[in-house]
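Going down the list, the protein sequences come from chains P and U. For the first sequence, the numbering used here gives the first residue as 3, with consecutive numbering after it. For the second sequence, the numbering used here gives the first residue as 3, with consecutive numbering after it.
Please keep in mind that the hints were generated in silico from the structure rather than gathered at the bench. Be aware that one or more of the hints could be misleading.
Stated by the list, open to error - Okay, the calculated bits of chain U under chain P, using three or more residues with CB under 8 Å as the criterion: (1) 99 to 106; (2) 110 to 123; (3) 156 to 169; (4) 175 to 184.
Stated by the list, open to error - Beta-carbon label-pair distances, calculated as ranges: (5) 91/P x 53/U: 32 to 42 Å; (6) 113/U x 113/P: 24 to 34 Å; (7) 113/P x 172/U: 16 to 26 Å; (8) 68/P x 173/U: 32 to 42 Å.
The model shown is predicted, which means the values in this text are computed figures rather than measured ones. Idealized CB from N, CA, C, for every residue including glycine.
What follows is each chain in one-letter form.
There are 2 protein chains.
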Amino acid sequence: MAAVSRGDGARQRMLAAALEVLDESGLAGFTMEAVARRAGASKATLYRRWPTTGALLIDAMDATFRPFPVPETGKVESDVAAILNAFVQLMEHTPFPRLLAAFIDAAERDPALSRLHADLTGRRRDPLLAVLERARERGELPEDTDPELTTDLLTSPFFYRRFVAHRPIPPTMVDEVVSRVLAR
Amino acid sequence: MAAVSRGDGARQRMLAAALEVLDESGLAGFTMEAVARRAGASKATLYRRWPTTGALLIDAMDATFRPFPVPETGKVESDVAAILNAFVQLMEHTPFPRLLAAFIDAAERDPALSRLHADLTGRRRDPLLAVLERARERGELPEDTDPELTTDLLTSPFFYRRFVAHRPIPPTMVDEVVSRVLAR
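This is chain P alone, in the form it adopts within the complex (with noise of 0.2 Å):
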């Protein structure tokens, strides 16, 4: 492991208080101005590392919400499970959903954010990409699986639940998701 130098704790610091400020006053009240007086730095020092609020957002949601690692199980239907119950913990016992429902509203009308948080999208989709394109080559997924439209299929259903349907999402869930779209 990689020591933490000065810099990085100061980065860091100004990540979670970027957070913190997201999470109490949504993207309304978040400025840099915000931002700096939670972190005790000056408005200069963070421009300096962040051109824009947009940047600093994203690499904070980065920074604090990792891409799960790639599960080694042994068979596709227990990596595919491993990855989403890791998700279903961050959507239920973390602030991520509502750090992220702001950004679905603010997305819909700031481009700049809207290809930003693709951008997250797309590099937390990663390890579930790579367990389907492993289990493909291994011959447990049919050779013609997309697995851009299998990790749709997989991961939407609880972003719908929270988001739009605003119900619990049960313990059987994810086992159910998982049989249904890896039915073979």
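Once you've looked at the hints, dock chain U against the given chain P.
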């Protein structure tokens, strides 16, 4: 078709004004006063019909974006595709997704709005549920098909694509999702 009474016309005008205010100002600017001004009505008139801004919002969404009629093409795949294609039109060519994004964010902070939005989503799911139930009764789908989960799997990829992945919905996507989810 029932004749539209004078009262109905006034109601429609207020609901249209509500959506315009929401679309232009977001939820932060959505007040009874702003809607009254836009509709040329008094705040008291609005409050007589809708006790809260949340109730007004939901009625406005409900009245403007009606649930789709239940199609009857004779085949479950094309019935489902008809509903999903109408939904994609709504997502690609109307203010609906921008309004929905504002709801998604606000519902995270307001449990009453979250319940209202859940009801609205429930009503919008009905046509797809009806098509799937009918197909199960006719033996087009397996007896143990869960219509609720199937509705989640069929609709959620389109929300995800717009709000989380921020990518356009390709013309082939409806058919791909239908054939993956209803594979038989």
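Now the hints, each set against the structure:
1. Restraint check on the region 99 to 106 of chain U versus chain P: 6 residues with Cβ-Cβ distances below 8 Å, three needed, restraint holds.
2. Counting residues of the region 110 to 123 of chain U whose CB lies closer than 8 Å to any CB of chain P gives 7, which reaches the minimum of 3, so the coverage claim holds.
3. Remark: the region 156 to 169 of chain U is confirmed as covered by chain P, as 11 of its residues place a Cβ nearer than 8 Å to a Cβ of that chain, reaching the required three.
4. Coverage of the region 175 to 184 of chain U by chain P holds. Counting CB-CB distances below 8 Å, 4 residues qualify, and the rule asks for three or more.
5. For residue 91/P paired with residue 53/U, a C-beta distance near 38 Å keeps the hint of 32 to 42 Å intact.
6. Between residue 113/U and residue 113/P the C-beta distance comes to about 32 Å, which sits within the given range of 24 to 34 Å.
7. A hinted range of 16 to 26 Å holds for the C-beta pair residue 113/P and residue 172/U, which are about 20 Å apart.
8. For the pair residue 68/P and residue 173/U, the beta carbons lie near 35 Å from each other, so the given range of 32 to 42 Å is met.
Violated hints are absent here; each numbered hint is respected by the structure.
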